[in-house]
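**Student:** Read off the chains here:
Protein chains: 2
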Amino acid sequence: MKQFEHTIALDAMGGENAPDKVIEGLKLFLDQDRNIFFLLHGKEEAIQKSISKFHIPKENYKIIHCAEEIKDKDSVRDAIRTGKETSMWKAIDSVKNLESDLIISSGNTGALLVISKLIIKMMDGIDKPAIAGLWPNLKKTSVVLDLGANIEFNEKNYLDFSKIAAELYRVIFDEANPSVGLLNVGSEEIKGHETLKNAFAQLSEAKNNFIFKGYVEGNQIKDGNVDVIVTDGFSGNIALKTAEGTANYITTEIKNIFSNSFFGKICYLFSFPIFKKIKNTLDPRKYNGGIFLGLNAPVIKSHGGADALAFYYSIKLSAKILRGKLISRIQENFRDQNG
Amino acid sequence: MKQFEHTIALDAMGGENAPDKVIEGLKLFLDQDRNIFFLLHGKEEAIQKSISKFHIPKENYKIIHCAEEIKDKDSVRDAIRTGKETSMWKAIDSVKNLESDLIISSGNTGALLVISKLIIKMMDGIDKPAIAGLWPNLKKTSVVLDLGANIEFNEKNYLDFSKIAAELYRVIFDEANPSVGLLNVGSEEIKGHETLKNAFAQLSEAKNNFIFKGYVEGNQIKDGNVDVIVTDGFSGNIALKTAEGTANYITTEIKNIFSNSFFGKICYLFSFPIFKKIKNTLDPRKYNGGIFLGLNAPVIKSHGGADALAFYYSIKLSAKILRGKLISRIQENFRDQNG
Chain A
1 MKQFEHTIAL DAMGGENAPD KVIEGLKLFL DQDRNIFFLL HGKEEAIQKS ISKFHIPKEN
61 YKIIHCAEEI KDKDSVRDAI RTGKETSMWK AIDSVKNLES DLIISSGNTG ALLVISKLII
121 KMMDGIDKPA IAGLWPNLKK TSVVLDLGAN IEFNEKNYLD FSKIAAELYR VIFDEANPSV
181 GLLNVGSEEI KGHETLKNAF AQLSEAKNNF IFKGYVEGNQ IKDGNVDVIV TDGFSGNIAL
241 KTAEGTANYI TTEIKNIFSN SFFGKICYLF SFPIFKKIKN TLDPRKYNGG IFLGLNAPVI
301 KSHGGADALA FYYSIKLSAK ILRGKLISRI QENFRDQNG
Chain B
1 MKQFEHTIAL DAMGGENAPD KVIEGLKLFL DQDRNIFFLL HGKEEAIQKS ISKFHIPKEN
61 YKIIHCAEEI KDKDSVRDAI RTGKETSMWK AIDSVKNLES DLIISSGNTG ALLVISKLII
121 KMMDGIDKPA IAGLWPNLKK TSVVLDLGAN IEFNEKNYLD FSKIAAELYR VIFDEANPSV
181 GLLNVGSEEI KGHETLKNAF AQLSEAKNNF IFKGYVEGNQ IKDGNVDVIV TDGFSGNIAL
241 KTAEGTANYI TTEIKNIFSN SFFGKICYLF SFPIFKKIKN TLDPRKYNGG IFLGLNAPVI
301 KSHGGADALA FYYSIKLSAK ILRGKLISRI QENFRDQNG
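Heads up: the protein sequence lines correspond to chains A and B, in order. Quick note: the first sequence, position 302, residue 302 per our numbering, numbers continuous. Quick note: the second sequence, position 26, residue 26 per our numbering, numbers continuous.
Bear in mind the hints are in silico, worked out from the structure with no lab data behind them. Incorrect hints may have been included.
Copies of one chain are not kept apart here, so a pair can be met inside one copy or by any two copies together.
[Stated by the list, open to error] For lysine to aspartate or glutamate, the following EDC-like pairs were computed, each having C-alpha atoms within a straight-line distance of at most 20 Å:
#, residue 1, residue 2
1, 117, 307
2, 27, 68
3, 139, 253
4, 71, 223
5, 128, 152
6, 191, 127
Please read these numbers as outputs of a predicted model, since none were measured by experiment.
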């Protein structure tokens, strides 16, 4: 029997068009890489049907039937109280039981955060997970966190998550010395709040596992001069959503101008190969996957509206995180710092 | 002698390429509108030279010679201690002395905030100014604040600035019932901090001078469904800068793809009228001008890097604010609420 490098638990039921998009995304992954095994959590019949449609190789998966699923509209409280038979819960449980190494879910973010914390537990000394994301920039890709798990950060959060996210960056991008910056506002007079200033002072003095670059402003995130950008979950979420809204605004305005005149339509058709390239370059699906950090195992949140290709990218990211041994690297790091 | 509707004090020395860009911007404004008088603060010789170059009509200005100027790199403390002979200080002073009704400066933001507060004073019951900006969106333009003056907001700040910004919106866009939203993060589990929740509760119950639309997420700013978006200066500044960075990222990537191949260059040339239209639609210069709110007179901060056209737009905005009687409208509003 084939030995697999790792096992990934998929919550096959979360998000739009599940389980089809999950199984099709899996198919795209297995076309390139057959060395990972998958536990597919969800309604057996629906998954089976989807598997026949997309021809998933038998040896790469096992279905774990789960009668229930957590809905996006469910409150976190309800999800915890009544969620034990759901695909999300059982997928997370499989990591605790050492049947799998990582979970991917497109389901309810709040429920995924809280149930993961409940079952997998936080790493020693970390209180709450942070959500990290991959942001394309003018040079390459950066890691930005926290994208919304912690409304406020204390000093320790800034320090811990700088360290943890530096390891994440190292694992994903194979960069020995990633740089880390703290997101702050610009003008000198009004620079940052006390917690942030204290974190800055401590990071400037500490021996870190990264190059500390000090403060970064919002417009610099997309420059690509800093690998990891750390901020509290409130401003991080606002940065994320504002970037999404701005990208949508600009591309919509451009589309409208091309399609509002006959000449514009001709220009679009003439330049079609160029537009295809632009669409590919700016495709957000390549960066799909919020990475929960600080837990004893990696948990990946795929965007609820993600399609098969986007889901494929979140599997690819997950394989990289497992092969790079992210969790043990982080643990070592904290051991080194304490010892 | 001609009677003017209003007098605007210009700090002619702040920002890049001053005073030329200020005087050229003034010329663009006077070509359309001769009913405003300008006090030009700065080095007389330099301003005079610039005036001959751009042919400013004599009856529309007076030069107030100021030997000094505040530099962008000056600390706010130094600016206050040694700034009394500077163009910025004297421009602000002219409002206090009722010689002018509004100041526009492209200089040091921190100094402009602090000196304005020192000289013009805050409105009764308001502690500190907030900075509002105009943001284009898919439907029209919204007002977003605070863009960086107050790192933290208390409940009262949310309430006061909702009211004040609603008046601003009404004056600029002639909209009887503007809508106001509070910027917040998305997921239900992690929705907002206590201060924000309390502000939400109070705004839901209060009799407001606007339609309260509740929470808005970052991606909705650009949708155009809410006229005024209120947030603390930390996340507002991060939203502003992230939007700028994202716009720059997307337009740079698109430019690169068109210019990286011979075919791309041909497409660009062929579609040139369309690109001209896009550039015009997305031109940030049309929204130049940070509006300081909460002071006893309007103070407009033009972007330091703004050119003549951008400066012209900040003068146009200023004229609208004066003609709409923003300050007395705000004052009335607070009187009504208290009485």
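**Student:** Next, verify each hint and record whether it holds.
**Tutor:** Each hint, compared with the structure:
| no. | hint | in the structure |
| --- | --- | --- |
| 1 | 117 x 307 | neither (27 Å within a copy, 52 Å between copies) |
| 2 | 27 x 68 | neither (24 Å within a copy, 69 Å between copies) |
| 3 | 139 x 253 | between (25 Å within a copy, 10 Å between copies) |
| 4 | 71 x 223 | neither (38 Å within a copy, 26 Å between copies) |
| 5 | 128 x 152 | within (11 Å within a copy, 23 Å between copies) |
| 6 | 191 x 127 | between (27 Å within a copy, 18 Å between copies) |
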